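Chain order of the listed sequences is A and B.
In my numbering, each residue's number is its place in the first sequence (first place is 1) plus 11.
In my numbering, each residue's number is its place in the second sequence (first place is 1) plus 225.
Worth flagging that the hints you see were computed from the coordinates, not collected in a lab.
One or more hints might be untrue.
What the hints assert, rightly or not - Calculated Cβ distances over 12 Å to all of chain B for the following chain A residues: (1) Asp83; (2) Arg91; (3) Phe99; (4) Leu105; (5) Tyr108; (6) Ala112; (7) Pro114; (8) Leu115; (9) His118; (10) Gly119; (11) Met211; (12) Arg218.
What the hints assert, rightly or not - Here are some of the chain B residues that sit facing chain A, going by a computed Cβ distance under 8 Å: (13) Gly227; (14) Arg415; (15) Ile417; (16) Val420; (17) Val424; (18) Gly425; (19) Phe430; (20) Phe467.
The structure displayed is predicted, hence computed values, not measured ones.
Ideal Cβ placement from N, Cα and C applies to all residues, glycine included.
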Amino acid sequence: MVRFENVGLRYGMGPEVLRDITFGIEPNSFQFLTGPSGAGKTSLLRLLFLSLRPTRGLITLFDRDLSSLDADEVAVLRRRIGIVFQDFRLLDHLTTYENVALPLRVHGRDEVDYRAEVVELLHWVGLGERLHVLPPVLSGGEKQRTAIARALIGRPELLLADEPTGNVDPALARRLLRLFVELHKSGTSVMIATHDIALMDQYDARRLVLSDGRLHAED
Amino acid sequence: MGPFLPRDTVTGRALIMVVAIMTFLAALTVGAIDLVHEAASHWRSDMVREVTIQVRPVEGRDLEAEIGKAVEAAKRTRGIADVRALTRAETGRLLEPWLGAGLDLDTLPLPRLVVVRLAEGAESDLPGLRRALAESVAGASLDDHRGWAARLAAISDAIVFAGTAVLALVLAATVLSVSFATRGAVATNRAIVEVLHFVGARNSFIAGAFQRHFLAVGLKGGAIGGAAAALLFALTSIVSGFLALVPGGGEAQFLFGQFVLDRQGYAGIAGTVVLVAVVTTLTSRLTVRWTLRAID
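With the sequences and hints as input, model every part of the structure.
Here is the structure:
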């Protein structure tokens with residue numbers, strides 16, 4: 012599904028933040044991406060969701076070589092990936108319902124088609140009573156779940172989450188992890204970037220450890 | 226469903242006012258061009274409907290007989306509706322403003338005029354008349370006002386050209402203002418643009434979202450500016466109607482016509498509004514696409 016071969020990344024003329032990264036993400040797999048702060052987790056995620064291009068090496072995503080894609084092809088490929096940002100990135104002028112429905116609107120679907128689907132998903136993440144609330148009014152945990160619902164609504168083949176439990180209490184963190192595990196069981200590949208060891212200890216999965224810009228897999 | 230872009234960060238009232246002012250200036254220019262064009266063509270058509278034969282007194286010839294010959298020559302010419310020689314008394318009245326009343330005109334060797342009205346719709350044989358006058362009437366010359374008409378045409382063409390240049394400048398200023406505003410709007414909404422990208426929006430989709438907002442700005446600003454200009458012209462025509470009744474108003478009306486914008490003029494203003502809206506929309510679309518390409 013995803014293949015990195017000797018990938019290196021540097022910002023401008025600075026030092027390489029990622030060096031010789033070689034790994035793969037298989038279909039229907041679950042992995043944690045971990046490492047100390049500043050190790051390059053977010054940079055690696057940004058490479059995975061196509062917001063950065065590597066300075067060297069080869070990235071293949073869904074059997075497509077990323078270096079050969081134009082902007083429109085990148086947009087179409089992104090529809091197969093769900094992303095949960097550490098800072099949520101919700102649109103403050105749209106309600107919870109509208110934020111979650113955003114990917115489907117962008118993909119050109121009619122609201123009549125997806126309304127029930129969005130409402131059901133929001134109930135599933137426990138936001139059934141908060142459909143028409145604007146993000147500034149939501150709590151941290153509610154924002155997090157809205158962001159997760161937005162990432163899931165398009166039924167992505169790959170879900171990437173950057174510190175999804177960073178802003179929530181341990182009980183909610185466990186609930187969110189269960190949500191990711193259920194998603195994995197329904198056939199989606201999941202990669203969670205986290206430095207929360209307690210969270211990783213709750214679920215037995217492959218750990219990709221980044222340190223000093225290099226990646227080691229701990230199966 | 227709410228719009229992708231929060232309205233208050235994109236369509237600032239200031240930009241609507243800028244577009245309104247630009248449209249107002251552009252519509253005034255279009256209206257002014259139309260008025261000048263109308264007035265000039267009015268003068269021209271009046272002038273070319275009439276020509277004048279001037280008969281100067283020549284030593285040893287009877288002036289009245291020569292005038293009679295000129296009238297006959299004109300009547301024989303094709304495409305002439307009416308020929309009338311001004312009497313001695315009428316000639317005197319024409320000169321009254323300069324020479325004063327009570328002058329004995331018989332003592333002065335004054336030329337006399339024959340007014341020839343051309344038939345409407347028919348082609349008049351003025352070169353034939355000119356030839357006939359040269360051959361048979363002593364001291365006669367034909368003035369078809371061509372020199373005046375050519376000068377008027379040059380003046381009105383120059384005004385139309387200057388107006389078009391002003392219009393181009395106003396449109397260029399609109400393009401630049403909208404371009405700056407769009408870049409500002411994309412920068413302000415950068416986070417939203419990024420989220421739209423991450424959920425799989427194509428650049429054309431994002432550009433469309435901005436374009437819809439700027440079309441609304443263009444239409445709103447354009448409508449305000451165009452309506453203000455149309456109102457100004459309507460008021461001016463009412464005021465000029467009153468002015469015609471005061472001393473000096475008649476002369477102004479002769480120069481500038483009725484100062485009433487015709488249907489074509491108002492259509493021009495409406496066209497300007499549409500043009501400004503289209504220019505605003507296209508400028509924002511292109512600017513967003515360039516900016517998005519830079520982000521990519």
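List of violated hint numbers, smallest to largest: Hints 1, 2, 3, 4, 5, 6, 7, 8, 9, 10, 14, 20 are the ones this structure does not satisfy, whereas the remaining hints hold.
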